[in-house]
Amino acid sequence: MGQSELEILLEAPTTVAALKSMIKLPNGETLNAASRTQTIMTAVDQEMVDDSAMVSVTSEVAFFPPVTGG
Amino acid sequence: MGQSELEILLEAPTTVAALKSMIKLPNGETLNAASRTQTIMTAVDQEMVDDSAMVSVTSEVAFFPPVTGG
Amino acid sequence: MYRSILIQADDFSLDRALTELKAQSGLAGGLCFFTGAVRNSNLDDAVGGLYLEHYPGMTERQLDQIVDEAARRWQLHGAIVVHRIGHLKPGDNIVLVAVSASHRGEAFEACEMIMDYLKTNATFWKKESIPDGHRWVEARSSDQAKATAWDA
Amino acid sequence: MYRSILIQADDFSLDRALTELKAQSGLAGGLCFFTGAVRNSNLDDAVGGLYLEHYPGMTERQLDQIVDEAARRWQLHGAIVVHRIGHLKPGDNIVLVAVSASHRGEAFEACEMIMDYLKTNATFWKKESIPDGHRWVEARSSDQAKATAWDA
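Residue numbers (our numbering), protein chains in the order written: chain A, 1 to 70; chain B, 1001 to 1070; chain C, 2001 to 2152; chain D, 3001 to 3152.
Next up, chain A with everything else stripped away, as it sits in the complex (with noise of 0.2 Å):
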């Protein structure tokens, strides 16, 4: 899927939201600009979750577009 892994230290728990406008894609927006033009869809360690889901320090975060198994 093209992946790319970031270490993003936290000091405190977040939301996925926030996170999202931590990060930047390749073309200088963020997640959380991208989002509004695309579904990005995001695992928090390993289950599916929303924007309002919290991010521990300790969490594996993932995004991805919509999956097409099957």
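Simulated from the structure, these hints should not be mistaken for lab results. Wrong hints could be hidden among the right ones.
[Unchecked claim] Here are the simulated DSS-like pairs of lysine-lysine, each with C-alpha atoms no more than 27 Å apart in a straight line: (1) Lys-1024(B) to Lys-2127(C); (2) Lys-2089(C) to Lys-1020(B); (3) Lys-2127(C) to Lys-2146(C).
[Stated by the list, open to error] Computed footprint of chain B on chain C, listed as stretches where at least three residues anywhere in the stretch have a Cβ under 8 Å from a Cβ of chain B: (4) 2049-2058; (5) 2107-2121; (6) 2124-2131; (7) 2135-2142.
Every residue gets a Cβ at the ideal spot worked out from N, C-alpha and C, and that includes glycine.
Using the hints provided, position chains B, C and D relative to the given structure of chain A.
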């Protein structure tokens, strides 16, 4: 299906209902009477029909209980 | 559209049906299969086996008409129906319906409709061996209701 | 209830799945199978092949939750899900969902629900080879609608 075969000489085409009143079961009851208490299906020339269907003098007619395949 | 309708004593293979549908009916995206198997009990009696009878000639023609009806309702690539006759043991396969279509929804619906019609319109009869002897299996009203629901 | 969930590069066998369900989950009367295969075209482009990726760990857990949900809704004897990853050619099998139940209606419904949820909730992605190069396949809104319909 506990089949039995019977040849009936018809002088003219008739209906399935009329034919059913000519055929007696081993217990003496006509097929027509029996169909009031149980479902008896009829095929004329291997097509499922209802009581109003016509039977020609050369037709192959079969009476049987509801099917239970599959 | 490809079709194959068989009434036979022999068992069938789902993998062969899959290969056949792919080879004969182009590259369909969705393939649905249903297999009915002999259960080991019915109406609280242990069932030792089944004996399956049909009305030769008529049954084949009805299965053909059932597949026609499915093909009228959905865009199918292919359909295979295999129904076994004769003596079968618990766990044995009885029937296979396999349908291929471009999209999965059509494959599922057509496969289920063919099964529901087969249950009520195809001239097969089952006799089961139970501890007391044998009995002809009675039709279920739920099967009739399922078949009728397709016409609603 | 028996269950098996596998993500693998290798192909699968429907006959083996049938045997496995019968052996592991008692003598179910109705078994429904769905197989998705690689089509040779998409959006008017010839497709030379697919590359399938997943999110290891998460995908398995989601498939497990999808089977849980099916088992909550219907009385199932067993369920098998096999999803392939890696490079696939047109005509190759992608996914197998196999469900056994006492009655066919439950087997059909559970099999279709598992497929509909898998399409929208399991973290797999497809990249297709087309004459111009490669592209990630986009999700279809019709798949989302089918999955959502189960919650209505």
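Going through the hints against the structure:
| no. | hint | result |
| --- | --- | --- |
| 1 | Lys-1024(B) to Lys-2127(C) | 24 Å, holds |
| 2 | Lys-2089(C) to Lys-1020(B) | 37 Å, violated |
| 3 | Lys-2127(C) to Lys-2146(C) | 23 Å, holds |
| 4 | 2049-2058 | holds (count 6) |
| 5 | 2107-2121 | holds (count 5) |
| 6 | 2124-2131 | holds (count 3) |
| 7 | 2135-2142 | holds (count 4) |
The structure fails hint 2 only (numbered hints given earlier).
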